[in-house]
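Enquirer: Given next are the chains, with one letter for each unit.
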Amino acid sequence: MNAPLAPPRTRPGPRATATARATPGIAPLLGPMLAEAVAALSANRLRSGLTMLGMVIGVAAVILMLAIGNGVQGQVERSISALGSNLLIVNSGAARSGGGFSQGAGSRPTLTLDDAEAIARLPDVLAAAPTSSFAAQVVAGPTNWLTQVTTTTPAWFIVQSWFPEEGRAFSAMEERQAARVAVIGQTTARELFGASDPIGEQIRVRGVSFTVIGLLPERGQGIGGVDRDDVVVLPLTASLRLVQGGGAFRRFVRSISVAVTTPEAMAPTEAAITDLLRRRHGLSPRDENDFSITNLTAVGQTFQETTGAISLLLGAIGGISLVVGGIGIMNIMLVSVTERTREIGIRMALGAPRAAVRLQFLLEALMLSIVGCAAGVLIGTGLAVLASRFLPFPTIISPASVVAAFAISAAIGIFFGWYPATRAARLSPIEALRS
Amino acid sequence: MPVPPEDRPPEDGPPLLALEGIVKDYASEAGSFRALDGVSMTVRPGELLAIMGPSGSGKSTLMNIIGALDTPTAGRFLFDGEDTSTMSEAALAALRNRAIGFVFQQFNLLPRLSARDNVALPLVYAGLSRRERLARADTLLARVGLADKTGARPSQLSGGQQQRVAIARALAVDPRLLLADEPTGALDTRTGAEILALFKALNREARVTVILVTHDPGVAAATDRVVRIQDGRVTFDGPPTPEALAGGVGHLYEGAAP
Chain E
1 MNAPLAPPRT
11 RPGPRATATA
21 RATPGIAPLL
31 GPMLAEAVAA
41 LSANRLRSGL
51 TMLGMVIGVA
61 AVILMLAIGN
71 GVQGQVERSI
81 SALGSNLLIV
91 NSGAARSGGG
101 FSQGAGSRPT
111 LTLDDAEAIA
121 RLPDVLAAAP
131 TSSFAAQVVA
141 GPTNWLTQVT
151 TTTPAWFIVQ
161 SWFPEEGRAF
171 SAMEERQAAR
181 VAVIGQTTAR
191 ELFGASDPIG
201 EQIRVRGVSF
211 TVIGLLPERG
221 QGIGGVDRDD
231 VVVLPLTASL
241 RLVQGGGAFR
251 RFVRSISVAV
261 TTPEAMAPTE
271 AAITDLLRRR
281 HGLSPRDEND
291 FSITNLTAVG
301 QTFQETTGAI
311 SLLLGAIGGI
321 SLVVGGIGIM
331 NIMLVSVTER
341 TREIGIRMAL
351 GAPRAAVRLQ
361 FLLEALMLSI
371 VGCAAGVLIG
381 TGLAVLASRF
391 LPFPTIISPA
401 SVVAAFAISA
411 AIGIFFGWYP
421 ATRAARLSPI
431 EALRS
Chain V
1 MPVPPEDRPP
11 EDGPPLLALE
21 GIVKDYASEA
31 GSFRALDGVS
41 MTVRPGELLA
51 IMGPSGSGKS
61 TLMNIIGALD
71 TPTAGRFLFD
81 GEDTSTMSEA
91 ALAALRNRAI
101 GFVFQQFNLL
111 PRLSARDNVA
121 LPLVYAGLSR
131 RERLARADTL
141 LARVGLADKT
151 GARPSQLSGG
161 QQQRVAIARA
171 LAVDPRLLLA
181 DEPTGALDTR
191 TGAEILALFK
201 ALNREARVTV
211 ILVTHDPGVA
221 AATDRVVRIQ
231 DGRVTFDGPP
241 TPEALAGGVG
251 HLYEGAAP
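Residue numbers (this note's numbering), protein chains in the order written: chain E, 1 to 435; chain V, 1 to 258.
Treat the hints as calculated values from the structure; they're not laboratory data.
Given the structure is predicted, the values throughout are model-derived calculations rather than measurements.
The reader is advised that the hints may include incorrect statements.
To be verified - To spell it out: a stretch of chain V is covered by chain E in this simulated footprint if at least three of its residues, at any positions, have a beta carbon under 8 Å from a beta carbon of chain E; those stretches are:
1) 50-58
2) 62-76
3) 148-155
To be verified - From the derived model, a few chain V residues whose C-beta atoms are all more than 10 Å from chain E:
4) 23
5) 37
6) 94
7) 108
8) 218
9) 242
From the three backbone atoms N, C-alpha and C, an ideal C-beta is built for every residue, glycine too.
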């Protein structure tokens, strides 16, 4: 190549040089400076990697925690909707005795079948199902299975809005006559009968035989990961006489499930039930309730709020590690500026405006945080997928959390990169060249 | 090499550099220190001159002002008729970028970059595209005799080769002024002579104005004009006569004594 020294363009007059180019935009520098940032960071891979580690861990933590939080939230929402809306549970025994100790479910039942019938006659009550539940070994031929036995009236199916998908529920007549019939859940059916049809088969509960007449559709997990399909539903009378042994407890039940017509009627109905039961149980105004009423929708909401608060807390911990990661970036960037003072001086002598120097170091900080964030998102996602295998519910990675992670990381990179970059830009070119 | 006639500066044109009573004070622990005390001189386009002086004479300060790295406390410095003391920092940076090429004693190449990328670096700030930058860098490296070293890192090059890369870098933006600070100071005699010859060729063939800041009488002898600085004042301004150069040595040792 014949190499002329003449410029590839017409030589600009120095006057134009100095003034027209006095405030050149730094936008055209973005590309080359980005390439320089990549080169600078990959020139010192170990340091760059360690610097990013804070961001990686922070972002991974935030992504994982939000995925778990979302998973819990989704699970709770499913559980609440599956509980059946507008449900009140009346339990035997006072919520608290005089000393403030909960008597728990083991205390003497105070609710009767007549109480349930009286509640059912209240306005706004759709159905009231007296219920007693206990765990029992259920036997079908050679197989047996420990399951939850619920003894109740046909109203239970209405209250739960859960009706057999195969066969049928037992009738009020069968219930009154203590017919030995049973409705079972999907899990129980699978464990006892495998793939074969359970309808018409015999099961034995505590030595008493029942004929399976209905199979409930799958309902999935309840709050706390309980398998709600692992259930056997028996007529209450049959179990009062035969399973629980009768005697003094025969007219008593542990709880009454009450379905209310509308959400607005929940609170008035709760009050009406309280009045009714206090009157029926002959309690004087001084006496405490010998029963307690639980609003399951409220419980679900509380649980949801609690899990929301927990995932917020976990996210906050992740957020703190993001800030710590940002401080780590600032730290290393300050070291880098000090180490590269001479380079900065050279660049300034070659005509780099201060804005270009700031841009260069800002882009390096930004790149550290963004690349760290990308790695964190990958690791966090991997851990969330892994967590799904060990948790009783699937984790949910929302795209919004990934977008937010990148936005926050970029903000952190700019925020913590600004000071080192400004320090670099403020260097005197003469001092910087002398270093 | 061909030079367009319109680029050939007239011998008696308006001055490229005009220094009028330049004063530069530095604040120090012991109070204010006057590094330059009324320096006046002009440099016409196409000149090849040496600024000489012992350390502490103010010649580095003068070089910083001429190189638009610093502004005077008092007095005026006109670069091609424009007063730098009224320029913003960004304008000074642009002036350095587009009109001044620096060559340093320690070469000051960026070790991470290849020779080609080092030469192309000022063009980044000039806003040229990557293709233009690299084409220009290759051209200039060929001009300084390093066509086969474009991909080499500074650590893979000898001192003389590194200084050639630095000169190519200084020429990248086609500057009006080439300002070299002890360009042969870190080189052996033979390599130094080659570098000096390169400066001389650039001045003679491409009519680039060259200012060599040096305390080496041998370097100064190769120029057309010597400006001596002592205690912040110009003590000599004229052709490089043996007396001027010899005096330089004497002053150098005197200046270094305290």
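Enquirer: All hints are to be evaluated individually against the structure, with a verdict given for each.
Expert: Now for the hints, and whether the structure bears them out:
Under a criterion of three residues with beta carbons nearer than 8 Å to beta carbons of chain E, the stated coverage of the stretch 50-58 of chain V fails, only 0 such residues being counted. A stretch counts as covered by a chain when three or more of its residues have a beta carbon under 8 Å from one of that chain; for the stretch 62-76 of chain V and chain E the count is 4, and the coverage holds. Judged by the Cβ-Cβ criterion of 8 Å, the stretch 148-155 of chain V is not covered by chain E as claimed, because only 0 of its residues qualify and three are needed. For residue 23 of chain V, the non-interface assignment is confirmed: its Cβ lies about 17 Å from the closest Cβ of chain E, beyond the 10 Å cut-off.
The Cβ of residue 37 of chain V sits about 19 Å from the closest Cβ of chain E, beyond the 10 Å cut-off, so the non-interface label holds. With a cut of 10 Å on Cβ distances, residue 94 of chain V falls inside the contact zone with chain E, its closest approach being about 4 Å. Some Cβ of chain E comes within 10 Å of the Cβ of residue 108 of chain V; the nearest lies about 5 Å off, and the non-interface call is violated. Even its closest Cβ contact with chain E, about 25 Å, leaves residue 218 of chain V beyond 10 Å, as expected for a residue assigned away from the interface.
Listed as a non-interface residue, residue 242 of chain V keeps its Cβ farther than 10 Å from every Cβ of chain E; the least gap is roughly 33 Å.
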